[in-house]
Amino acid sequence: MNIRMLKKGDLILFLGVGLIIVLLLLWNNLSTASGNHLIAEVRKDGELVKKIDLDKVSEPEHIYFEEGIHQTILVEKGRIRFLESDCRDKICVQAGWLTKAGDKAVCMPAKTIIKINGESQQTDSIAF
Amino acid sequence: MKKYICFMTILLASILLTACSIGQVQSYKSEGFALGTIINQEIYGANAQQISEEAMTRIKYLEDLMTINAPGGDVNKLNEHAGQGFVALNPETISVLKTARKISDLSEGAAFDITVAPLVKLWNIGQTDNPAVPPAEAIKKLVPLVNYRDVQIDEANNQASLARAGQMVDLGGIAKGYAGDGVREIYRKNGVKSAIINLGGNVVALGSKPDGSAWSIGIQDPRSETGEIVGIVKVTDKAVVTSGDYQRYFELDGKRYCHIIDPHTGYPVDSGLMSVTIITSSSTEADGLSKAFVLGLDKGLELVQRYGQAEAIFITTDKKIYVTPGLRGNFRLEDKSHEYTYVEER
Numbered sequence: 000m001n002i003r004m005l006k007k008g009d010l011i012l013f014l015g016v017g018l019i020i021v022l023l024l025l026w027n028n029l030s031t032a033s034g035n036h037l038i039a040e041v042r043k044d045g046e047l048v049k050k051i052d053l054d055k056v057s058e059p060e061h062i063y064f065e066e067g068i069h070q071t072i073l074v075e076k077g078r079i080r081f082l083e084s085d086c087r088d089k090i091c092v093q094a095g096w097l098t099k100a101g102d103k104a105v106c107m108p109a110k111t112i113i114k115i116n117g118e119s120q121q122t123d124s125i126a127f
Numbered sequence: 000m001k002k003y004i005c006f007m008t009i010l011l012a013s014i015l016l017t018a019c020s021i022g023q024v025q026s027y028k029s030e031g032f033a034l035g036t037i038i039n040q041e042i043y044g045a046n047a048q049q050i051s052e053e054a055m056t057r058i059k060y061l062e063d064l065m066t067i068n069a070p071g072g073d074v075n076k077l078n079e080h081a082g083q084g085f086v087a088l089n090p091e092t093i094s095v096l097k098t099a100r101k102i103s104d105l106s107e108g109a110a111f112d113i114t115v116a117p118l119v120k121l122w123n124i125g126q127t128d129n130p131a132v133p134p135a136e137a138i139k140k141l142v143p144l145v146n147y148r149d150v151q152i153d154e155a156n157n158q159a160s161l162a163r164a165g166q167m168v169d170l171g172g173i174a175k176g177y178a179g180d181g182v183r184e185i186y187r188k189n190g191v192k193s194a195i196i197n198l199g200g201n202v203v204a205l206g207s208k209p210d211g212s213a214w215s216i217g218i219q220d221p222r223s224e225t226g227e228i229v230g231i232v233k234v235t236d237k238a239v240v241t242s243g244d245y246q247r248y249f250e251l252d253g254k255r256y257c258h259i260i261d262p263h264t265g266y267p268v269d270s271g272l273m274s275v276t277i278i279t280s281s282s283t284e285a286d287g288l289s290k291a292f293v294l295g296l297d298k299g300l301e302l303v304q305r306y307g308q309a310e311a312i313f314i315t316t317d318k319k320i321y322v323t324p325g326l327r328g329n330f331r332l333e334d335k336s337h338e339y340t341y342v343e344e345r
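Chains as they are written, first to last, in numbering that gives the first Met the number 0: chain U, 0 to 127; chain P, 0 to 345.
Hints in this document: simulated from the structure, not taken from any laboratory.
Do not rely on the hints blindly, as some may be mistaken.
Stated by the list, open to error - In silico lysine-lysine, DSS-like type, Cα no more than 27 Å apart, as pairs:
id	chain 1	residue 1	chain 2	residue 2
1	U	Lys-50	U	Lys-7
2	U	Lys-103	P	Lys-318
3	P	Lys-59	U	Lys-43
Claimed, not checked - Here are the computed distance ranges between Cβ atoms for each label pair:
id	chain 1	residue 1	chain 2	residue 2	range
4	U	Glu-66	P	Lys-59	20 to 30 Å
5	P	Asp-63	U	Ile-68	18 to 28 Å
6	P	Glu-338	U	Leu-73	48 to 58 Å
7	U	Gln-120	P	Gly-190	23 to 33 Å
8	U	Pro-108	P	Pro-143	47 to 57 Å
9	U	Lys-76	P	Asn-68	40 to 50 Å
10	U	Leu-24	P	Asn-329	29 to 39 Å
11	U	Gly-101	P	Arg-100	49 to 59 Å
12	P	Ser-336	U	Glu-83	22 to 32 Å
13	U	Leu-24	P	Arg-100	54 to 64 Å
14	P	Gly-190	U	Leu-14	27 to 37 Å
15	P	Gln-48	U	His-61	26 to 36 Å
16	U	Gly-77	P	Val-24	41 to 51 Å
17	P	Asp-317	U	Gly-77	31 to 41 Å
To be verified - If you want the footprint, here are the derived chain U segments under chain P, 3+ residues with CB under 8 Å:
id	region
18	36-45
19	91-99
20	106-113
Given the structure is predicted, the values throughout are model-derived calculations rather than measurements.
Just so it is clear, CB atoms sit at the ideal spot from N, CA and C, and this is done for glycine as well.
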């Protein structure tokens with residue numbers, strides 16, 4: 000295309016199209032970003048016990064399970080973890096902090112799950 | 000005029016492309032406990048919740064049938080009648096016993112043998128607070144009881160028997176796989192085209208993702224306590240099943256004793272491997288075949304080759320990753336620990 004053939008109207012159209020694309024991209028990013036709060040779920044035997052917006056946690060918070068296997072879950076801003084558990088293998092505690100969407104820690108004996116909602120960007124499922 | 004058509008095309012294309020990434024199909028996800036593990040389902044399509052519940056019901060039904068960790072069920076019945084002739088069993092149990100036989104035959108019982116149960120029970124790995132190595136005498140006494148050929152199957156009459164008293168069957172190495180195939184059947188029957196189920200690490204993918212792309216399945220780093228992955232494979236309509244030394248084990252005097260018992264020696268497997276992942280259509284057979292883990296790298300790869308329709312990923316204790324030829328170009332190393340080496344050509 001010959002640049003010299005461009006008229007003023009062409010340039011306006013050019014910029015217009017460019018602007019629309021930029022706006023669409025921005026809107027797309029924002030609409031996914033708004034759902035991008037880290038929402039943690041604590042489940043016991045399949046039942047939802049607590050749902051926490053990790054971005055809105057200001058003071059560290061403990062969740063205690065007293066029945067059956069004793070467990071403590073610690074919630075801080077942007078992260079959650081099993082702090083203590085009376086189960087045998089302590090795999091749940093070893094899992095450490097959950098910090099990003101798709102992170103999950105499970106205590107099989109206590110049937111407790113903590114996870115951060117959202118998709119793992121990398122994988123659809125993990126074989127182990 | 001041409002220019003305007005050109006601009007309009009670009010404009011339209013940009014809007015469509017951006018819009019596409021906005022309008023993603025939603026899936027239904029569920030989580031439940033069965034088979035002593037966690038079951039995750041992800042289903043695309045109508046009535047997904049109801050279908051996932053039907054799947055859980057089926058899994059629990061199969062668990063009751065095949066468990067030896069609770070009273071009742073077919074496998075307990077078979078074991079209680081060891082050495083006493085045939086007992087009538089559910090056709091499903093017969094079907095699993097038959098597949099077990101097929102996989103055992105591939106290695107003549109060296110890798111996978113469901114009659115290893117007396118030794119599994121003796122070691123009791125991952126089930127006790129005070130793990131210990133059993134006396135050598137006790138192990139020696141039980142090894143001769145292990146022989147998968149002693150499971151006689153009378154398919155026509157839905158009955159089976161264990162030849163000798165004291166023999167025992169444990170379907171722990173294949174039941175999860177069978178449940179995975181059963182769930183996939185339920186999905187298909189209900190018209191689901193796209194779904195993924197994870198039964199405590201056994202992954203079964205139905206079809207592809209709704210956009211037609213393959214599923215990305217992470218392969219766990221066998222030494223990561225936080226469940227990090229070492230790599231990713233892309234699959235469509237396949238089962239991905241791993242056996243390894245890290246799922247259940249205990250350590251004593253610096254030695255690792257894993258939950259998979261070598262049927263020939265009676266001791267926990269120590270084959271120079273940390274994990275074997277099998278990728279094939281049948282999840283039941285993938286489960287059985289993943290016990291190529293017992294054989295070590297060379298013989299294990301041979302076993303997979305003999306089976307013929309599977310791909311595999313072998314991870315050795317010196318942290319090298321080997322894949323079968325069909326996975327070259329598919330397996331992608333994603334190792335945050337930077338400790339693993341992907342050996343593409345042997």
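Results for each hint:
1. The straight-line distance between the Cα atoms of Lys-50(U) and Lys-7(U) is roughly 56 Å, outside the 27 Å bound, and the hint therefore fails.
2. The suggested pairing of Lys-103(U) with Lys-318(P) holds, with an alpha-carbon distance near 25 Å, which does not exceed 27 Å.
3. Taking the CA atoms of Lys-59(P) and Lys-43(U), the gap is near 18 Å; set against the 27 Å cutoff, the hint holds.
4. For the pair Glu-66(U) and Lys-59(P), the supplied restraint of 20 to 30 Å holds, since their beta-carbon distance comes to about 23 Å.
5. For Asp-63(P) paired with Ile-68(U), a C-beta distance near 24 Å keeps the hint of 18 to 28 Å intact.
6. Remark: the range hint 48 to 58 Å for Glu-338(P) to Leu-73(U) is contradicted by a beta-carbon distance near 29 Å.
7. Between Gln-120(U) and Gly-190(P) the Cβ separation comes to about 29 Å, which falls inside the hinted range of 23 to 33 Å.
8. At about 35 Å, the CB distance of Pro-108(U) to Pro-143(P) disagrees with the hint of 47 to 57 Å.
9. About 41 Å separates the C-beta atoms of Lys-76(U) and Asn-68(P), a value consistent with the hinted range of 40 to 50 Å.
10. At about 32 Å, the beta-carbon gap between Leu-24(U) and Asn-329(P) stays in the expected band of 29 to 39 Å.
11. Hint check: Gly-101(U) to Arg-100(P), Cβ distance near 39 Å, so the stated range 49 to 59 Å is violated.
12. As the Cβ distance of Ser-336(P) to Glu-83(U) is approximately 27 Å, the hint placing it in 22 to 32 Å holds.
13. At about 58 Å, the beta-carbon gap between Leu-24(U) and Arg-100(P) stays in the expected band of 54 to 64 Å.
14. At about 49 Å, the beta-carbon gap between Gly-190(P) and Leu-14(U) misses the expected band of 27 to 37 Å.
15. Range check, Gln-48(P) to His-61(U): Cβ separation about 33 Å, and the 26 to 36 Å hint holds.
16. Separation of Gly-77(U) from Val-24(P) is about 29 Å and departs from the stated range, judged on CB atoms against 41 to 51 Å.
17. Distance hint for Asp-317(P) and Gly-77(U): a CB-CB separation of about 37 Å, consistent with the stated range 31 to 41 Å.
18. Closer than 8 Å: that is the beta-carbon criterion, and the region 36-45 of chain U has 3 residues meeting it against chain P, so the requirement of 3 holds.
19. Counting residues of the region 91-99 of chain U whose C-beta lies closer than 8 Å to any C-beta of chain P gives 3; at least three are required, and the coverage claim holds.
20. With a cut-off of 8 Å between beta carbons, the region 106-113 of chain U has 3 residues touching chain P; three or more are needed, and the interface restraint holds.
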